[in-house]
Amino acid sequence: MHELTAGYALDALEPDEARAYESHLGRCAPCREELAELGDLTEALAHAVPAAAPPAELRRRILAAARAESRPAGPGRPRWALPAVGLAVTASCTALVLGVLAATRPSPARLRTLPLRGATGALVLSGDRSAVLIVSGLRPAPGGRTYEIWVMKGATSARRAGIFSDTGKTARVRLSRRVETGSFVGVTLERAGGVTHPTGAPLFRSAPA
Amino acid sequence: MRVLRRSGHPVTTPRDLAHLSDEAVVALVARAEEGALGELYDRYGSTAFALSLRVLRDRGLAEDAVQDAFLTVWRRASTFLPERGRASSWLLTLVHRRAVDLVRREERHPADPLENDEGLGEERSAEDSAWLRFERERVQAALARLPDQQREVLELAYYGGFTQSQLAERLGRPVGTIKSQMFAALSRLREGLEPQPSEEPWRTR
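From first to last, the protein sequence lines are chains A and B.
Everything in the first sequence is counted per the working numbering, starting at 1 for the first residue and increasing by one.
Everything in the second sequence is counted per the working numbering, starting at 1 for the first residue and increasing by one.
To be clear, the hints were calculated from the coordinates, so they are not data collected in a lab.
Only a predicted model underlies this, so the values are computations on that prediction, with no experimental measurement involved.
Ideal Cβ positions, reconstructed from N, Cα and C, are used throughout, including at glycine.
You may find that some hints are simply not true.
If you want the ones that stay clear, here's a sample from chain A, every Cβ over 12 Å from chain B, calculated [said to hold, decoys possible]:
1) Thr5
2) Ala6
3) Thr113
4) Ser157
5) Phe184
6) His197
7) Ala209
Computed footprint of chain B on chain A, listed as stretches where at least three residues anywhere in the stretch have a Cβ under 8 Å from a Cβ of chain B [what the hints assert, rightly or not]:
8) 19 to 28
9) 46 to 60
10) 120 to 126
11) 163 to 175
Which chain B residues face chain A? A few, computed with CB under 8 Å, are given here [what the hints assert, rightly or not]:
12) Leu20
13) Phe49
14) Arg54
15) Ala126
16) Phe134
17) Leu146
18) Gln150
19) Tyr158
20) Leu186
21) Arg188
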């Protein structure tokens, strides 16, 4: 990785350096590739910030502003040359009022994550004990089979909490059953449609709730 | 990374956009389909706003930066090239750049902590909220594993909007040191976000 690429990806170069780097990008394919790869990393950094809900009004305002604009056609600059954004009408008074309104929203339930054992991911629990299973890098279930989720307690109690087959890069499945304190969640591979009792030990499981 | 899809939002066009990839949605934005811009906002508006607010620490300015970035997407969607990265990265880069421009113009870099207002199934679907929570903790853990000086430089640059020279001045380190620390921090973070060998997921074979 080029040192300048790191600074550019973080928007931390001085304006003249950034311009020089952009014209270099036009000539340097390896740097363009590197920068594209760093896009994943800066996107991860964007996801690491505390959650904050924009006012509902912002969506309407953006669409209204887009409608009001006539977009110039024709070839634009290449994508790495990010344009100066300006021109947009800023409605500061409206924004202020809406910001105050948004701040009066009731505070939502807290979320808690439990690590998984045997797979990469987590069980995310909300205050009302409802849960979502997140698991990365899992292969899709083979033909005729499905992953089945269980809320388990001790060695014998296992209650069905949903099935899934499509895993993608990161599977996200909402459980159909709440996860009470002292229980944990396990996942087995079962025949399509699911079964009423697990036929084997869990492939992976969560830490106890 | 999967798309963030907000459930329950009224679709503004007859076309159902929910099943499209982000890149396909941007292609529709390039054809001036307003519904596609709305769909992109439903997927990334909250993340964009949270990022913008983290940098700017002011809700009004954060909204302005998000609006400017989405309008840039509206104007420039036809210049987006999928082979140069994901649509979500492009959008969030535009948001970040605009937020950093504004924070530098305002010359305000306050550092008060932000409240975390999230929950399962509030503004987003439970699945999206849970995934975001997981991703946030994963990245925060990777950041926490960086050496202190590298983490400091990375966080002040990305979340604080400081340039490398401003950081050199503020931290009393030569600008060359700042540059190499920033480079090292990103390299390490990239390694830190790779799946851990001990966490090798279960395989069917």
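Hint check results:
| no. | hint | result |
| --- | --- | --- |
| 1 | Thr5 | violated, 8 Å |
| 2 | Ala6 | violated, 4 Å |
| 3 | Thr113 | violated, 6 Å |
| 4 | Ser157 | holds, 23 Å |
| 5 | Phe184 | holds, 16 Å |
| 6 | His197 | holds, 20 Å |
| 7 | Ala209 | holds, 14 Å |
| 8 | 19 to 28 | violated (count 0) |
| 9 | 46 to 60 | holds (count 12) |
| 10 | 120 to 126 | holds (count 5) |
| 11 | 163 to 175 | holds (count 6) |
| 12 | Leu20 | violated, 15 Å |
| 13 | Phe49 | holds, 4 Å |
| 14 | Arg54 | holds, 4 Å |
| 15 | Ala126 | holds, 5 Å |
| 16 | Phe134 | holds, 5 Å |
| 17 | Leu146 | violated, 12 Å |
| 18 | Gln150 | violated, 11 Å |
| 19 | Tyr158 | holds, 5 Å |
| 20 | Leu186 | holds, 5 Å |
| 21 | Arg188 | violated, 11 Å |
Against the hints set out earlier in the document, violations occur for numbers 1, 2, 3, 8, 12, 17, 18 and 21.
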